[in-house]
Structure formats: structure tokens, C-alpha cells
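Asker: If you read the protein sequences in the order shown, they are chains B and P. The numbering of the first sequence is the numbering used here, which starts it at 1 and goes up by one. The numbering of the second sequence is the numbering used here, which starts it at 1001 and goes up by one.
Read the hints as simulated data drawn from the structure, not as lab findings. There could be a bad hint or two in this list.
Using C-beta positions, here's what the derived DEER-type ranges look like [claimed, not checked]:
{"hint": "1", "chain 1": "B", "residue 1": "256", "chain 2": "P", "residue 2": "1059", "range": "48 to 58 Å"}
{"hint": "2", "chain 1": "B", "residue 1": "242", "chain 2": "P", "residue 2": "1035", "range": "53 to 63 Å"}
{"hint": "3", "chain 1": "P", "residue 1": "1075", "chain 2": "B", "residue 2": "103", "range": "54 to 64 Å"}
{"hint": "4", "chain 1": "B", "residue 1": "236", "chain 2": "P", "residue 2": "1162", "range": "58 to 68 Å"}
{"hint": "5", "chain 1": "B", "residue 1": "255", "chain 2": "P", "residue 2": "1162", "range": "54 to 64 Å"}
{"hint": "6", "chain 1": "P", "residue 1": "1063", "chain 2": "B", "residue 2": "121", "range": "33 to 43 Å"}
{"hint": "7", "chain 1": "B", "residue 1": "255", "chain 2": "P", "residue 2": "1052", "range": "21 to 31 Å"}
By construction, the Cβ of each residue, glycine as well, lies at the ideal position given by its N, Cα and C atoms.
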Amino acid sequence: MVYGIAKMLNFAHGDVIMVGAYACFFVVTRYELPAVLGVLIAMAVCTLLGVFIERLAYKPLRSAPSLAVLITAIGISYFLQNAAQLLWTSNPKVFRSVVGDASLKLFGGRLSVSVSALVTVAVCIIIMIGLTWFTGKTKMGKAMRACSEDKGAAQLMGINVNATISMTFAIGSALAAIAGVLLCSAYPTLMPTTGSMPGIKAFTAAVFGGIGSIPGAMLGGILLGIIEIFGKAYISTQLSDAIVFVVLIVVLLVKPAGLLGKHVQEKV
Amino acid sequence: MLEVRGINVYYGAIHAVKDVSIEVNEGEIVTLIGANGAGKSTILQTISGLLRPRTGGITFMGENIGVVAPYKIVERGLAQVPEGRRVFLRMTVTENLEMGAYTQKSGGIADDMERAFTLFPRLKERRRQVAGTLSGGEQQMLAMGRALMSRPKLLMLDEPSMGLAPILVEQIFSTIVEMNRDGTTILLVEQNAQMALSVASRAYVLETGRIAMQGDAHELAGNEEVKKAYLGG
Chain B
1 MVYGIAKMLN FAHGDVIMVG AYACFFVVTR YELPAVLGVL IAMAVCTLLG VFIERLAYKP
61 LRSAPSLAVL ITAIGISYFL QNAAQLLWTS NPKVFRSVVG DASLKLFGGR LSVSVSALVT
121 VAVCIIIMIG LTWFTGKTKM GKAMRACSED KGAAQLMGIN VNATISMTFA IGSALAAIAG
181 VLLCSAYPTL MPTTGSMPGI KAFTAAVFGG IGSIPGAMLG GILLGIIEIF GKAYISTQLS
241 DAIVFVVLIV VLLVKPAGLL GKHVQEKV
Chain P
1001 MLEVRGINVY YGAIHAVKDV SIEVNEGEIV TLIGANGAGK STILQTISGL LRPRTGGITF
1061 MGENIGVVAP YKIVERGLAQ VPEGRRVFLR MTVTENLEMG AYTQKSGGIA DDMERAFTLF
1121 PRLKERRRQV AGTLSGGEQQ MLAMGRALMS RPKLLMLDEP SMGLAPILVE QIFSTIVEMN
1181 RDGTTILLVE QNAQMALSVA SRAYVLETGR IAMQGDAHEL AGNEEVKKAY LGG
């Protein structure tokens, strides 16, 4: 979503996920407050962090070449990881799942699906529907699409482009918090580097599905997950990540715009 | 209404607009003609705040807008139909018009949209279509309708005839006159000098970033130099 509107790759997104998970960890596991509160606080922290990063690091580069922005994003990513290490040490924390660690037994126990996996899928679907509705129907959402297409023309409409891009980061970061909580509910080890691999994977999924497209990101994510699991089960556990990236390379060679990537026909 | 006083605009080291002063009074159609690359679009972009003059000032409705953010300039009633139309190609006709009304309270938007559809009935037929599927003429209509949605006091049009068939150019220009009759002041930038001079009351002739001539549009249309340089003989 951030790429689609701000036309930049936020490589620090995975680390915002990590910060969100830490925020939730402290609220829920350390201070034993209700899980709902943990999620809300994590979202608030990430929103602030996202807007702050955008204002400080990306906004001054609005008219800079995209490579400069990309390198800055990688820098922010390392900065967040190291800051987290300094603040919370590199010792893994055991994250208590916000949805409990029960699992659903099907077919007399032969198939067991954890509740957290089910919740993850449900939350993803809700968020996808929500985002599609937001960008399609609301004034702010439409303004975001207008900015993504033509910032200059959007300004001529009276749209405050800077505020709109900040808003995009705020939403993207709030969702990163949810991602962090869900991720650590499924895989309860929390470290400063927790976000980096999922960040890269999410980026891969987004490219796979067609970058800038919200349903594409979802489709890419699902397919990537399936490929990774089948790779682990039938080929090699150690090579599963490599398999994922090989698939990415093949997709980009065959269909550079991604699976649901858009090609706009322009009449001249 | 609009007063541009001695602005100088640079693109890096290139001095694109040299000491240009323009005045537009309420109710007028003023045109700015000149060859490709003379700096016409640069002037409009500077008035809209997308570019900033290095020296000189711009006053709109008595207020200095030379330092005001572009989106606030639109709020004050100064809209622009940019060169090359620049409609949002991936959005529908209705959504494009809604974007034009971004600065407006939601109350009057439906009425304004109806007014845009009366001015351009073709848009109404295609209101659910994505703008990228419209023809060039329809996109120009959409760009104009979109700019009107902000209820501008002054509307600036940058090359509205560009790339359009003669019959469509006629239609676009008669709509410009109609919008002016409805009370919108117009600043028109054109390469099609003949058409522009026929609808305007006053004109400025721009040559390589400098105002070469200015005055009554009819007189300029009869001027030998203008005829030779811009009217094809």
C-alpha cells in the first residue's frame, strides 16, 4: 500500500512490525494487561513511529531519486534493529499469544489448526476488505489514489500531498503492528531481528502478487506461504527460503508486473 | 484579481521566465500566447505554486500567494487545467470530478457535478468509465469539468486545444466562453493563437521567457508581427 501510493519501498516496514511486537509484548506479557489493550497500544506506537520515520527520513527526500530513498529505508531498518538491541537486548523474549495457544482438532485429531493461524487468516481478510473499501470509497482513500497517480495534478486539486502520504504511512504502520502481534502469536520468539525476514518475505509477496495492488499482495502472500511449506515438506527444510526467492526471480522474468500487476493503457 | 509582478523562474541554471508581469481583472478572458518552450506553462505552474519564482511576487484577490502551499491556493479559488490534461487515468470519471471538489464541503458536490455534466454531456454518459479509456477530447472535457468542481474564481487553462481535432477545439473554446459568461475569470495559455485571440479580451505574447507584446486581443490579432509569427502569415 505504501509503495502503491508513495512510490517507495519501505524496507524498514519489517522492523516496524518488530517494534509493534515488542510494544505488545511489554503490555501483555510484562505488565499482564488485556491483549486488546496490547494490540491497541502496539498500533498507536507503530503509527507514531511510522509518521515520525516518514517526516524525518523520507519527506526530505520527496524529490530525490528513488535509489536515495531506498538506501535511506535500509538505513532506517538497521537503525531500528540496533536501537531495539540496545533497548531490549538481543535475548529472545517469549511472546505470549494474544489469542491463546489452543488449536482446533479436525478429523479426530489428525489435522490440527492453531487458533492463531485461523485468527491471522480472518484478520488478513478483514484488513484487505477494509483497505479496498477505504481506497475505493472514502475521500481520503481516493485522494491517496490520486496522489499515487500524479502528485502534481493532485496538488492542483487542492489535495495536501504531504499530509496524504503521512496518512498512508500511519495506516501502513498501524497495520504493521497488527502483523507483529499476529506473527509473534504464531511464532513466539521475539528478537530485534524478528521483523527483518518477514519484512523481506512480505516484500517478495507483494512483488510476486503485483506491487501496489492490495489483493495482489494477499494473493502473493498466500502463494508464497504455500510454496514455502511445500518446499519444506518435499524438498528441503534448509532450502525453503532459497526456493521462495527462486520462484520470485522466475515470476519477475516471466511477468515483471507481478501476478495482478496493473498495466494502464494510456491513450495519447 | 491576479497580479504577477516581475517574476523570474529558473529550472536549475536555466532562466525560463524573465521578468514577467501579467494582470488579470475580474470577468476577463486573458490569453498568453507564444511558441513552444516560451515559458507559458512555467508561468502557470508558478502561479499555482508548483514552482516558485526566484524574484517577483504574485497577488491573488489582494493576497500574496507566492509563499502559499499549492493546495491552499486552490482553496482560495484559483484552479488550473494543466497541460496534457493530467486526469487520473485509473480513476473513474465521477471519481475524477470528486477529486476536483476535494476542497469543497460535501453539500454542494452533487449539484456541481450535475453542472459539469450539463456543460459536458459526454461525461455523464461515461461517468462510470475509467478516465484512461476516454478519448483525448473527452479527457480534456473531464479535466475542465474537474477544475470547475473547485468553484474557481479564476480558472487557468494550459493548452486546452493540444492534440484535438478542429471540431473539438471549437467546442472546447465555446465552452470556455460559456464558463466565462457564468462568471469565471479565465487565463488561457495557447499555442493556437488564432483561436485564443478570438475569444480573449486582452493578450500577452511571450517570446523566450519574456513578454514581447501585450494589449487588446483584436488589435494584436491584426498586428503584422503577430500575424507573421503566430497566425501563419
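Asker: Run every hint past the structure and note whether it holds.
Answerer: Taking the hints in turn, this is what the structure says about them:
{"no.": "1", "hint": "256(B) - 1059(P): 48 to 58 Å", "result": "holds (49 Å)"}
{"no.": "2", "hint": "242(B) - 1035(P): 53 to 63 Å", "result": "holds (59 Å)"}
{"no.": "3", "hint": "1075(P) - 103(B): 54 to 64 Å", "result": "holds (56 Å)"}
{"no.": "4", "hint": "236(B) - 1162(P): 58 to 68 Å", "result": "holds (60 Å)"}
{"no.": "5", "hint": "255(B) - 1162(P): 54 to 64 Å", "result": "violated (35 Å)"}
{"no.": "6", "hint": "1063(P) - 121(B): 33 to 43 Å", "result": "violated (55 Å)"}
{"no.": "7", "hint": "255(B) - 1052(P): 21 to 31 Å", "result": "violated (42 Å)"}
Hints 5, 6, 7 from the list above are not met by this structure, while the remaining hints are.
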